[in-house]
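Enquirer: This is what each chain is made of:
2 protein chains.
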Amino acid sequence: MQSVQFTAETSSDGVRERDFLIGDVPGVLWSPASAADHTPLVLMGHGGGLHKKTPAQRARAFDTVTTWGFHVVAIDAPGHGDRLRTTDDDRARDEMRQAMTAGDKERFKSVSISYTTSLAERAVPEWQATLDALQELPPIGAEAPIGYGGGVSMGTAIGIPLTAADPRITVAIFGGGFFVYESLLAAARQITVPVQFLLPWDDEHVDRQSSLTLFDAFASTEKTLHANPGDHRRIRWIGLDNEFLARHLRPSGLPVS
Amino acid sequence: MQSVQFTAETSSDGVRERDFLIGDVPGVLWSPASAADHTPLVLMGHGGGLHKKTPAQRARAFDTVTTWGFHVVAIDAPGHGDRLRTTDDDRARDEMRQAMTAGDKERFKSVSISYTTSLAERAVPEWQATLDALQELPPIGAEAPIGYGGGVSMGTAIGIPLTAADPRITVAIFGGGFFVYESLLAAARQITVPVQFLLPWDDEHVDRQSSLTLFDAFASTEKTLHANPGDHRRIRWIGLDNEFLARHLRPSGLPVS
Chain R
1 MQSVQFTAET
11 SSDGVRERDF
21 LIGDVPGVLW
31 SPASAADHTP
41 LVLMGHGGGL
51 HKKTPAQRAR
61 AFDTVTTWGF
71 HVVAIDAPGH
81 GDRLRTTDDD
91 RARDEMRQAM
101 TAGDKERFKS
111 VSISYTTSLA
121 ERAVPEWQAT
131 LDALQELPPI
141 GAEAPIGYGG
151 GVSMGTAIGI
161 PLTAADPRIT
171 VAIFGGGFFV
181 YESLLAAARQ
191 ITVPVQFLLP
201 WDDEHVDRQS
211 SLTLFDAFAS
221 TEKTLHANPG
231 DHRRIRWIGL
241 DNEFLARHLR
251 PSGLPVS
Chain C
1 MQSVQFTAET
11 SSDGVRERDF
21 LIGDVPGVLW
31 SPASAADHTP
41 LVLMGHGGGL
51 HKKTPAQRAR
61 AFDTVTTWGF
71 HVVAIDAPGH
81 GDRLRTTDDD
91 RARDEMRQAM
101 TAGDKERFKS
111 VSISYTTSLA
121 ERAVPEWQAT
131 LDALQELPPI
141 GAEAPIGYGG
151 GVSMGTAIGI
161 PLTAADPRIT
171 VAIFGGGFFV
181 YESLLAAARQ
191 ITVPVQFLLP
201 WDDEHVDRQS
211 SLTLFDAFAS
221 TEKTLHANPG
231 DHRRIRWIGL
241 DNEFLARHLR
251 PSGLPVS
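Top to bottom, those sequences are chains R and C.
With this note's numbering, letter number 103 in the first sequence gets 103, and the count goes up by one each step, no holes.
With this note's numbering, letter number 37 in the second sequence gets 37, and the count goes up by one each step, no holes.
If you're looking for bench data, these hints aren't it; they were derived computationally from the structure.
Treat the hints loosely; a few may be bogus.
What the hints assert, rightly or not - Chain R side only, calculated, beta carbon under 8 Å to chain C, not exhaustive:
1) 82
2) 224
3) 238
4) 241
Unchecked claim - Beta-carbon label-pair distances, calculated as ranges:
5) R:110 / C:234: 40 to 48 Å
6) R:167 / C:132: 42 to 50 Å
7) R:213 / C:67: 35 to 43 Å
Since the model is a prediction, treat every value here as computed from it, not as a measurement.
Think of the CB as a built atom: it goes at the ideal place given N, C-alpha and C, for glycine as much as any other residue.
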């Protein structure tokens, strides 16, 4: 098993931020200044073309740490952030750009799906290795409840097969805003943990029905669909159940502050 | 203008409950034990076949009064609760029952739509007369912010044309679980106030797509769709934004207790 190598540490606003490597996968762990043992851990996926530490993601992580006292971890997806892209990744990205420029929606969709599928296949074992390594850290340990808090888009394309494969994840936030494909629906049908599903109601490129089909597929008895107008890149979420993760990860369900 | 005639008054758990008549329409007003002037007013519609003071509706009203300090008003829909049914109402209900027994879904749908349309046409002016009369009461007055808090089903079939017609209503909760028809979509397209829309994801009789089309129709820039698994009669709502009405009716947005 690969262990966590911390490479940098800073602290601000009561949040400890530690960059790390697990093998060659770079990640970041945000924690309360002083965390009790077995404090819950939230995994945050990032969107396509983005990385583990975008300002929006960092703000969301800080909010989770300071409001709930949880740990939050993010890693760069394959070929994203500080990671090298393979020749195949570069080719897929070129093809998506060309298809977009040519207005060839069908081609854009098919390349996007095969690229996303490939990213998710690589990312799932990386997330599992991350969990293995973090569970070796005493303040987290094997008993810390774990939730997937990745938002819409690629974070969900990775999070669904991860949550289906890994029973350590006991609650998950997913979302629409990308092309749904059959193997993803198959993974969703295996998921039984509580799911909150965020749907941008108006997406420029993606058919709304495919996201509704995805929500339909979760086998979870507790699942909530939340939709607001807007495209997934510009959406302003209103009226979200912000206590969803906390309610499931921390039975007392009360905010820290 | 018809004024409010109070016919009975009780108090329990800090909530004042007053039955009233406005003309021949019976209603009930739930209020805090002592309400400041211009305290917000929430209108609660009830479902088909039910009435103004079902245990569930009463519990919801008590919760709104004690949590937010608002007034809540409910009236019996035409032919419901303490009100007489017309011959046409009786005929429509008989026809719906017969269609249901015969398993004739198309006939059930068409009779249900024409009956609901007729109820809504009669209920809208009754709600407006109720607002007129309540605004004459000093602790409510013309300045009290007004929201429509009626849930799914018939409460929405009445609430949508009411909200479209009456600019005094500045925020609304609607929901699916009934047959959507063209004049209702037309009314929804005129609504621009913030809308929270509750969708029972699995309805025995009603096509889900029709409810999604209805949500689509609202012209509101702020609208939120919230779906949970279940039929509208048995659904357990989870992760609702319970502060939606309060946020819009009371700018400070803080709970009373």
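Enquirer: Next, verify each hint and record whether it holds.
Expert: Do the hints match the structure? See the list:
1. 82: violated, 35 Å
2. 224: holds, 4 Å
3. 238: Hint on residue 238 of chain R: holds, closest Cβ of chain C at ~6 Å, below 8 Å.
4. 241: holds, 4 Å
5. R:110 / C:234: 40 to 48 Å: holds, 41 Å
6. R:167 / C:132: 42 to 50 Å: Violated: the Cβ-Cβ distance is about 60 Å, outside 42 to 50 Å.
7. R:213 / C:67: 35 to 43 Å: holds, 37 Å
In summary, the structure is inconsistent with hints 1 and 6 from the numbered list given earlier, while agreeing with the others.
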